[in-house]
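Chains as they are written, first to last, in our numbering: chain A, 131 to 355; chain B, 0 to 223; chain C, 686 to 964.
No lab work stands behind these hints: they were computed from the structure. Glycine residues also receive a C-beta, built at the ideal position from the N, C-alpha and C atoms. Keep in mind that the hints are not guaranteed to be accurate.
What follows is a set of in silico ranges between Cβ atoms, one per label pair, in the way DEER data are often shown [unchecked claim]:
hint, chain 1, residue 1, chain 2, residue 2, range
1, A, Ala151, B, Glu115, 19 to 29 angstroms
2, B, Gly67, A, Ala151, 32 to 42 angstroms
3, A, Glu260, C, Val919, 27 to 37 angstroms
4, B, Asp63, C, Val919, 51 to 61 angstroms
Residues from chain A that face chain C, not an exhaustive set, calculated with beta carbons under 10 angstroms [said to hold, decoys possible]:
hint, residue
5, Ala279
6, Ala306
7, Gly345
8, Glu354
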Amino acid sequence: MIGRISRDAWLVACRDLRIEARSRVVLDQVVPFSVLVLVLFGFALDADNRTLRTFAPGLFWVAVLLSALLAVQRSATLDRSDGTDTALRMSGLSPISLFLGRASAVYVQLVALQVVLVGGLLILYGVDVEDPLLLVVAGLVAGVAVAAAGTLYGALASGLGVRETLLPILLLPVLAPVLIGATRAFDDALGAAAVDGWAWTGLLSLAALILTVVGASTHSALVED
Amino acid sequence: MVELRAVVALLGRFPALSGVSLTVDAGETVLVRGPNGAGKTTLLRLCAGLVRPESGMAIVLGHDLTDGVERRAVRRRVALLGHGAALYDDLTVVENLRFWARAAGLTSGSGDDGVEQRVAGVLDRLAVPKRLVDQRASALSQGQRRRVALAALAVRRPELWLLDEPHAGLDQAGRDIVDGLIVEAVAAGGTVVVSSHELERVATLSPRVVTLAGGQVLDGGGLG
Amino acid sequence: MATTTDAGLGERDTTGSPRSRLLGIATLIAVAILGVLAFALTEPDVRIHPETGEEFGQFDAVRMLYVHVPLVIVTYLSYGICAVASIGVLVKRTPWWDVTAHTAAEIGTIFCGLVLVTGSIWGRPVWNTWWEWGDVRLMTTLVLFLMFTGYLALRRITEDPRRQARRAAVVALVAVLDIPLVNRSVEWWENRTLHQRSTLGELKIEDLTLFTLFFGFVTAGLVLAWLFLHRFRVGWLERAAIDHGVAAAIVERQSETSDAEVRRSVGEQPEGPEEGLVP
């Protein structure tokens with residue numbers, strides 16, 4: 131049972147990542163968009179380096195969430211054309227593996243996106259990393275929460291005529307607590323504020339776990355007739 | 000194989016099927032015809048376990064379709080060719096076939112029955128040109144897509160074939176291949192329900208003809 | 686499946702019934718009494734500092750709590766009903782659970798909005814600000830409100846009622862995960878909130894204060910019950926209207942058959958591009 135689920139999830143994740151490797155929609159469009167968001171924040175805050183450094187953690191995560199919206203939309207689009215959604219329902223793939231596979235692919239893309247954005251923070255905002263381990267762990271853990279919630283709501287809004295407008299209003303409030311937690315953790319890791327980043331990372335892992343479990347267990351209700 | 004009595008099925012709030020009665024025996028070839036909007040597509044999707052019967056009795060391959068779990072079980076045993084070919088444009092033909100084979104639960108295996116063997120066998124049988132195998136699906140013509148779609152279904156060796164307008168948009172060679180597949184499936188003990196407006200072509204397969212209109216079977220349903 | 690008459694509705698132009706009218710009148714009277722109790726009869730919260738002798742406390746602002754706290758309770762209650770009903774939708778898949786979940790979510794969101802407004806009005810004199818970003822309970826409550834705003838937006842989309850029921854149920858189940866966060870935030874983030882652990886403990890608990898608060902709970906419960914009854918009946922009637930439309934559509938669809946038959950029998954071709962297949 132577990133073996134079949136993980137095997138199928140791996141199949142779906144590989145499919146999504148292979149399609150991304152060929153089409154490069156996330157690499158060519160979503161990643162530049164996220165850097166653009168960082169640059170726009172720089173313009174809006176009048177390029178005052180001290181302000182940027184103070185707010186870098188929050189701006190980073192807002193950029194991640196906005197880009198995640200696009201990545202999730204893209205992921206949900208893969209199975210809407212040419213009858214692939216019907217074929218998936220006919221295939222015998224369990225909704226749980228489908229969810230885990232899609233979420234894993236989104237997760238890999240989000241991590242890559244974060245790497246680029248951290249580079250942006252270092253170069254454009256001139257931040258210093260005080261606790262690299264915390265930065266990495268918090269980023270990885272928060273990414274799970276974002277990918278799980280994003281995949282859940284991507285499937286939920288998929289097939290609706292208004293999905294582009296509905297997805298943000300459904301997804302962003304759910305991710306608001308993740309935004310808070312991840313920003314606090316980065317505050318600590320980048321030395322922007324004196325908070326206990328590891329405690330917040332603990333909360334983030336709880337959120338990631340809950341969102342993954344809820345997403346996987348409710349996915350069948352969304353993809354079945 | 001398929002037994003429907005007074006089945007009503009909704010598409011959203013529209014009653015696409017308004018009381019269909021139809022019996023299909025094992026090994027039969029049945030042609031469903033009727034005007035546009037008669038409910039042909041919904042009938043095939045219902046038999047595939049994708050549409051819930053609102054009322055009436057619906058049994059396919061021994062599964063009672065009014066039950067959600069049974070509907071899921073039916074889906075794995077039948078092949079449905081819909082209007083789309085269900086191919087990912089950015090994957091190659093062989094990658095698409097492998098994906099659908101593995102999604103159906105086939106594994107690599109060591110014998111003659113692994114994913115690779117079955118995929119190769121099907122590509123051969125459906126005469127998919129060698130040069131196409133490693134091309135991306137986006138490079139295929141409409142007819143080639145249909146052919147690959149049929150190949151993806153054939154890999155699963157289904158007991159019941161549900162083909163929705165399989166001849167539409169195909170050239171002569173493509174139609175011959177579709178017909179060949181139907182004959183082959185029937186010879187192998189499979190059952191085929193096909194909706195088509197290419198009456199003359201399908202007639203060569205000597206099917207039983209069922210006429211559908213207004214979401215009901217007019218004649219040929221096999222219930223007297 | 687139950688019919689509209691099972692919900693206590695006949696061929697009437699109203700969702701009211703003698704008993705619900707009685708409930709409505711009782712609710713109105715209770716609201717009026719609560720107003721008098723909270724805003725006139727109870728004392729303002731004025732305390733004397735034991736050393737300096739200065740007056741401190743919440744003064745008249747404390748009166749808002751007689752409304753605010755009961756509203757919080759019925760918000761939790763409504764969303765709790767919504768969560769249970771949403772599980773019911775996913776397990777049982779019947780319209781009754783779906784209408785219940787929708788009703789509870791809608792009413793809960795009204796209450797949640799009122800919680801934010803009354804809290805804000807109370808916070809202006811007591812915290813000296815309408816809105817305090819540092820307060821975790823405020824933020825989590827706002828998130829709860831926004832999540833159910835999304836839920837209601839999803840609800841307004843016209844689609845297959847069964848699919849909508851399931852989508853909405855999933856959204857509701859994720860949204861109510863925020864409730865423990867709202868409820869426990871004061872304990873978990875003690876230093877990050879202006880909300881007190883228990884405002885009641887600090888107040889002078891006189892008989893009238895306690896009674897007013899208790900009466901506030903009863904009143905809010907009555908308002909919830911009354912709104913729920915009527916909103917549920919409206920939802921149930923909407924369902925009945927849809928079912929009625931579908932039943933009519935089935936009959937109409939069946940008559941299409943005979944139309945086609947008639948046309949065929951007189952040698953006329955049926956409509957559509959597939960006419961060539963008629964032998």
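To see whether the hints hold, each was checked on the structure:
1. A:Ala151 - B:Glu115: 19 to 29 angstroms: holds, 22 angstroms
2. B:Gly67 - A:Ala151: 32 to 42 angstroms: holds, 37 angstroms
3. A:Glu260 - C:Val919: 27 to 37 angstroms: Violated, since Glu260 (chain A) and Val919 (chain C) (Cβ atoms, about 57 angstroms apart) do not stay within the stated range.
4. B:Asp63 - C:Val919: 51 to 61 angstroms: Roughly 36 angstroms apart at Cβ, these two residues miss the hinted range, so it is violated.
5. Ala279: Because about 8 angstroms separates Ala279 (chain A) from the closest Cβ in chain C, which is inside the 10 angstroms limit, the hint holds.
6. Ala306: Holds. Min distance 5 angstroms.
7. Gly345: Holds. Min distance 9 angstroms.
8. Glu354: holds, 8 angstroms
Hints 3, 4 from the earlier list are contradicted by this structure; the remaining hints agree with it.
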